[in-house]
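**Q** Position chain B against the provided structure of chain A, taking the given hints into account.
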Amino acid sequence: MKKVRIGAAQGFYGDTIEPAVATAKKGDVQYICFDALAELTMAILKKDQMKNEKAGYTKDISLQMKALLPYVREKGIKLLTNAGGINPEGAQQEIIRVAEELGMDDLKVAVVTGDNVLHRIDEFQDRGISLNHLETDQPIETVKDKLVFANAYIGARPIVKALESGADIVVTGRTTDTAQFLAPLIHEFGWGEEEWDRLASGVFMGHLLECSAQSTGGNFSGNWWEIEGFDRIGYPIAEFSENGDFTVSKVEDRGGLVTVDTVKEQMLYEIHDPANYITPDVVVDITNVQLENTGPNKVKVTGTRGKPRPETLKVVMGYENGYTGQVMVGFSWPDPLKKARKVDEIIRKQIKQRGLDYDEVRTDFVGYNSLHGPLAHEYEEDLNEIYLRMAVRAKTKKEAAKFSRLFPPLALNGPPTMSGFTGNTAPRALIGMWSALIPRELVEDHIQIKNVEVSAIG
Amino acid sequence: MASVQLKDVAQARAGDKGNKVNIGLFAPDEEWFERFKSQVTPERVKDHFKGLVKGDVVRYELPNIHAFNFVLTEALDGGGSSSIRMDNLGKCFGANLLRMEINVSKEVRKEEKR
Numbered sequence: 001m002k003k004v005r006i007g008a009a010q011g012f013y014g015d016t017i018e019p020a021v022a023t024a025k026k027g028d029v030q031y032i033c034f035d036a037l038a039e040l041t042m043a044i045l046k047k048d049q050m051k052n053e054k055a056g057y058t059k060d061i062s063l064q065m066k067a068l069l070p071y072v073r074e075k076g077i078k079l080l081t082n083a084g085g086i087n088p089e090g091a092q093q094e095i096i097r098v099a100e101e102l103g104m105d106d107l108k109v110a111v112v113t114g115d116n117v118l119h120r121i122d123e124f125q126d127r128g129i130s131l132n133h134l135e136t137d138q139p140i141e142t143v144k145d146k147l148v149f150a151n152a153y154i155g156a157r158p159i160v161k162a163l164e165s166g167a168d169i170v171v172t173g174r175t176t177d178t179a180q181f182l183a184p185l186i187h188e189f190g191w192g193e194e195e196w197d198r199l200a201s202g203v204f205m206g207h208l209l210e211c212s213a214q215s216t217g218g219n220f221s222g223n224w225w226e227i228e229g230f231d232r233i234g235y236p237i238a239e240f241s242e243n244g245d246f247t248v249s250k251v252e253d254r255g256g257l258v259t260v261d262t263v264k265e266q267m268l269y270e271i272h273d274p275a276n277y278i279t280p281d282v283v284v285d286i287t288n289v290q291l292e293n294t295g296p297n298k299v300k301v302t303g304t305r306g307k308p309r310p311e312t313l314k315v316v317m318g319y320e321n322g323y324t325g326q327v328m329v330g331f332s333w334p335d336p337l338k339k340a341r342k343v344d345e346i347i348r349k350q351i352k353q354r355g356l357d358y359d360e361v362r363t364d365f366v367g368y369n370s371l372h373g374p375l376a377h378e379y380e381e382d383l384n385e386i387y388l389r390m391a392v393r394a395k396t397k398k399e400a401a402k403f404s405r406l407f408p409p410l411a412l413n414g415p416p417t418m419s420g421f422t423g424n425t426a427p428r429a430l431i432g433m434w435s436a437l438i439p440r441e442l443v444e445d446h447i448q449i450k451n452v453e454v455s456a457i458g
Numbered sequence: 001m002a003s004v005q006l007k008d009v010a011q012a013r014a015g016d017k018g019n020k021v022n023i024g025l026f027a028p029d030e031e032w033f034e035r036f037k038s039q040v041t042p043e044r045v046k047d048h049f050k051g052l053v054k055g056d057v058v059r060y061e062l063p064n065i066h067a068f069n070f071v072l073t074e075a076l077d078g079g080g081s082s083s084i085r086m087d088n089l090g091k092c093f094g095a096n097l098l099r100m101e102i103n104v105s106k107e108v109r110k111e112e113k114r
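Chain order of the listed sequences is A and B.
What the first sequence shows, in full-length UniProt numbering, is residues 1 to 458, in sequence order.
What the second sequence shows, in full-length UniProt numbering, is residues 1 to 114, in sequence order.
This is chain A alone, in the form it adopts within the complex:
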């Protein structure tokens, strides 16, 4: 039976490329797939592009290509990535630049565009499409003037077309994370549009691989201390059979652990209804999936089922939602928590005295309750130290910037032993997320695939 081997390269913008290089060297894979975009990432990339119109894709693509292109040349491995973000064509140009720098020729780099719908909001509304918030049903008008990006999640089919046109590398904008992994399977096995169970299994494989080490022992909540080699962890590799079954593994001499226990934690990650995991390609049902340890660092996955794909695509939009300013300062024994609480009280009084206009003032005690909030247990013992972290929500950057300036004087004017001041942090823009559904053909009619061939220079 024909098999396809696919390696995961990236779980988020900022991930390390080292494990993917090991996979390229020793993983015997035909495809290496990247998931560069979290919901938050589009907001970051939009900020980049507002400063420089050539930016807007994930900057680490240069490094990734430099590291992996030699294996594309030697072994014919193909690379698929949604690193294009807000500017997929910019990403394509950057890949070509790196390829030329490496003296490569006979390389085809394809770009898929059409996911960006920011300029089409009026058109959609004119067609009578509701862009009301998917969860709250609030009207789009509440944020329309403040939108900074709007991208539809597109599926694997355009990536498949790019592969059919002979592309070695396919870069896209907001294609789904799982589409990167599904596309090679459709291309290799020639699956039809309605082979729902197989398509679903392909998406589910992508889901298990898209967060890199989260299925090879990273973030494992079980006996994590027994996992060896976190320092050189291996990223997951899937061997996919034509019948829809697949096995997850990793490069043998890399660290980490692939067992039913590590894989199942990733199974539900960012999933809502497990019988209806909606993607543009297929609706996936994982409530009959079976996981089986079939060898050291090998888990076989069977039983994924699929249902027809939805008639709509999800559009995620980001809108400007004010600014935050934040500060962190430490206090030492004795009574560090008491001191931090006093400073919280002082700062809140000063905010009122100065008439600073904040929509929210938030206080956390780092080392005590900053991660668990009201669920943190009360301390019974004396503490060595505590950090006070305060953050505000402001309408303007200027107002947010005023916040951190309240703190330095307290080094002399407040309770004793304030220390470990990490400096004034610049205010950060807050981006609200707005999701809506639109008929898929409105987006799909605008999808374009552009192939560029790199030829050797000098």
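Keep in mind that the hints were calculated from the coordinates and are not lab data.
Be aware that a few hints might be false.
[To be verified] DSSO-like, lysine-lysine: derived pairs with alpha carbons at most 27 angstroms apart: (1) A:K397 to A:K349; (2) B:K17 to A:K144; (3) B:K91 to A:K59; (4) A:K146 to B:K37; (5) A:K25 to A:K144; (6) A:K146 to B:K17; (7) A:K2 to A:K161; (8) A:K398 to A:K146; (9) A:K352 to A:K338; (10) A:K25 to A:K397; (11) A:K47 to B:K46; (12) B:K37 to A:K395; (13) B:K91 to B:K37; (14) A:K314 to B:K91; (15) A:K314 to A:K352; (16) B:K46 to B:K7; (17) A:K144 to A:K395; (18) B:K37 to B:K50; (19) A:K338 to B:K50; (20) B:K106 to B:K91; (21) B:K91 to A:K47; (22) A:K342 to B:K50; (23) A:K108 to A:K450; (24) B:K17 to A:K59; (25) A:K66 to A:K47; (26) A:K395 to B:K54; (27) A:K2 to A:K75; (28) A:K75 to A:K3; (29) A:K314 to B:K54; (30) A:K66 to A:K54; (31) B:K54 to A:K144; (32) A:K307 to B:K17; (33) B:K106 to B:K54; (34) A:K144 to A:K161; (35) B:K17 to A:K314; (36) B:K37 to B:K17; (37) A:K3 to A:K161; (38) A:K161 to A:K307.
**A** Chain B in isolation, oriented as in the chain A frame:
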């Protein structure tokens, strides 16, 4: 009766989407799955997360892997890029759920491995 903290018997991982957080809770076997099923109810989880989660909690069951998926709505102070919380992506919600205690018979408490 004795009580067991979920941390000592279960695995959990949380993820975010918009202003929602989901938590996968994994029982070690079918017996524990049944115990979780009767005691780790969506109502109890909602109550457990009081102060962090404003909306409702929905529970999905996956007997095939002895797991539950909890979806917590209005859980992230507006969502990852809009929140001013330290844990703006809800990464620690799984650990938070593992603080919960459930009732077991004294015999089970003794058998417990860790």
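**Q** If a hint holds in the structure, say so; if it doesn't, say that too.
**A** Consistency of the hints with the structure:
A threshold of 27 angstroms between alpha carbons decides the hint, and for K397 (chain A) with K349 (chain A) the separation of about 21 angstroms falls inside it, so the pair holds. Between K17 (chain B) and K144 (chain A) the CA atoms are separated by roughly 21 angstroms; this keeps the pair inside 27 angstroms, and the hint holds. Among the hinted pairs, K91 (chain B) with K59 (chain A) is consistent with the structure: their alpha-carbon atoms are about 25 angstroms apart, no more than 27 angstroms. Taking the CA atoms of K146 (chain A) and K37 (chain B), the gap is near 44 angstroms; set against the 27 angstroms cutoff, the hint is violated.
With a C-alpha separation of about 48 angstroms, the suggested pair K25 (chain A) and K144 (chain A) falls outside the 27 angstroms cut-off, and the hint is violated. Proximity of K146 (chain A) to K17 (chain B) is assessed by CA-CA distance (about 21 angstroms); at most 27 angstroms being required, the pair is judged to hold. Straight-line distance between C-alpha atoms of K2 (chain A) and K161 (chain A) comes to about 21 angstroms, which keeps the hinted pair within the 27 angstroms bound. The straight-line distance between the Cα atoms of K398 (chain A) and K146 (chain A) is roughly 18 angstroms, inside the 27 angstroms bound, and the hint therefore holds.
A C-alpha spacing of about 22 angstroms is found between K352 (chain A) and K338 (chain A), which places the hinted pair at or below 27 angstroms, so the restraint holds. Only pairs whose Cα atoms come within 27 angstroms are accepted, and K25 (chain A) paired with K397 (chain A) is rejected, the gap being roughly 48 angstroms. As the CA atoms of K47 (chain A) and K46 (chain B) are separated by approximately 36 angstroms, the hinted pair breaks the 27 angstroms bound. With a C-alpha separation of about 45 angstroms, the suggested pair K37 (chain B) and K395 (chain A) falls outside the 27 angstroms cut-off, and the hint is violated.
Distance restraint check for K91 (chain B) and K37 (chain B): the Cα-Cα separation of roughly 23 angstroms lies within the 27 angstroms cut-off, and the hinted pair is therefore satisfied. For the suggested pair K314 (chain A) and K91 (chain B), the alpha carbons sit about 24 angstroms apart, so the restraint of at most 27 angstroms is met. With a C-alpha separation of about 43 angstroms, the suggested pair K314 (chain A) and K352 (chain A) falls outside the 27 angstroms cut-off, and the hint is violated. The straight-line distance between the Cα atoms of K46 (chain B) and K7 (chain B) is roughly 18 angstroms, inside the 27 angstroms bound, and the hint therefore holds.
As the CA atoms of K144 (chain A) and K395 (chain A) are separated by approximately 17 angstroms, the hinted pair is consistent with the 27 angstroms bound. As the CA atoms of K37 (chain B) and K50 (chain B) are separated by approximately 21 angstroms, the hinted pair is consistent with the 27 angstroms bound. With a C-alpha separation of about 25 angstroms, the suggested pairing of K338 (chain A) with K50 (chain B) holds against the 27 angstroms cut-off. Restraint check: the Cα-Cα separation between K106 (chain B) and K91 (chain B) comes to about 33 angstroms, which exceeds 27 angstroms; the hinted pair is violated.
Distance check on the hinted pair: K91 (chain B) and K47 (chain A) sit about 24 angstroms apart at the alpha-carbon level, within 27 angstroms; holds. With a C-alpha separation of about 26 angstroms, the suggested pairing of K342 (chain A) with K50 (chain B) holds against the 27 angstroms cut-off. Our distance criterion of 27 angstroms between C-alpha atoms is met by K108 (chain A) and K450 (chain A), whose separation comes to about 10 angstroms. Distance check on the hinted pair: K17 (chain B) and K59 (chain A) sit about 24 angstroms apart at the alpha-carbon level, within 27 angstroms; holds.
Proximity of K66 (chain A) to K47 (chain A) is assessed by CA-CA distance (about 25 angstroms); at most 27 angstroms being required, the pair is judged to hold. At roughly 23 angstroms between alpha-carbon atoms, K395 (chain A) and K54 (chain B) fall within 27 angstroms of each other, so this suggested pair holds. Taken as a hint, the K2 (chain A) and K75 (chain A) pair is honoured in the structure, with Cα atoms around 19 angstroms apart against an allowance of 27 angstroms. Of the pairs offered as hints, the one joining K75 (chain A) and K3 (chain A) holds, with about 17 angstroms between alpha carbons and a cut-off of 27 angstroms not exceeded.
Between K314 (chain A) and K54 (chain B) the alpha-carbon distance is near 25 angstroms, which keeps this suggested pair within the 27 angstroms criterion. Between K66 (chain A) and K54 (chain A) the CA atoms are separated by roughly 20 angstroms; this keeps the pair inside 27 angstroms, and the hint holds. A hinted pair counts as satisfied when its Cα atoms are at most 27 angstroms apart, and K54 (chain B) with K144 (chain A) qualifies at roughly 26 angstroms. Pair hint K307 (chain A) plus K17 (chain B) holds up; C-alpha atoms about 22 angstroms apart against a cutoff of 27 angstroms.
A C-alpha spacing of about 36 angstroms is found between K106 (chain B) and K54 (chain B), which places the hinted pair above 27 angstroms, so the restraint is violated. In summary, the hint linking K144 (chain A) to K161 (chain A) is not supported, as the alpha carbons are separated by about 34 angstroms, beyond the 27 angstroms threshold. A threshold of 27 angstroms between alpha carbons decides the hint, and for K17 (chain B) with K314 (chain A) the separation of about 13 angstroms falls inside it, so the pair holds. For the hint linking K37 (chain B) to K17 (chain B), the alpha-carbon distance of about 25 angstroms falls within 27 angstroms, and the restraint holds.
In summary, the hint linking K3 (chain A) to K161 (chain A) is supported, as the alpha carbons are separated by about 20 angstroms, within the 27 angstroms threshold. Restraint check for K161 (chain A) and K307 (chain A): the C-alpha separation of about 23 angstroms stays at or below 27 angstroms, so the hint holds.
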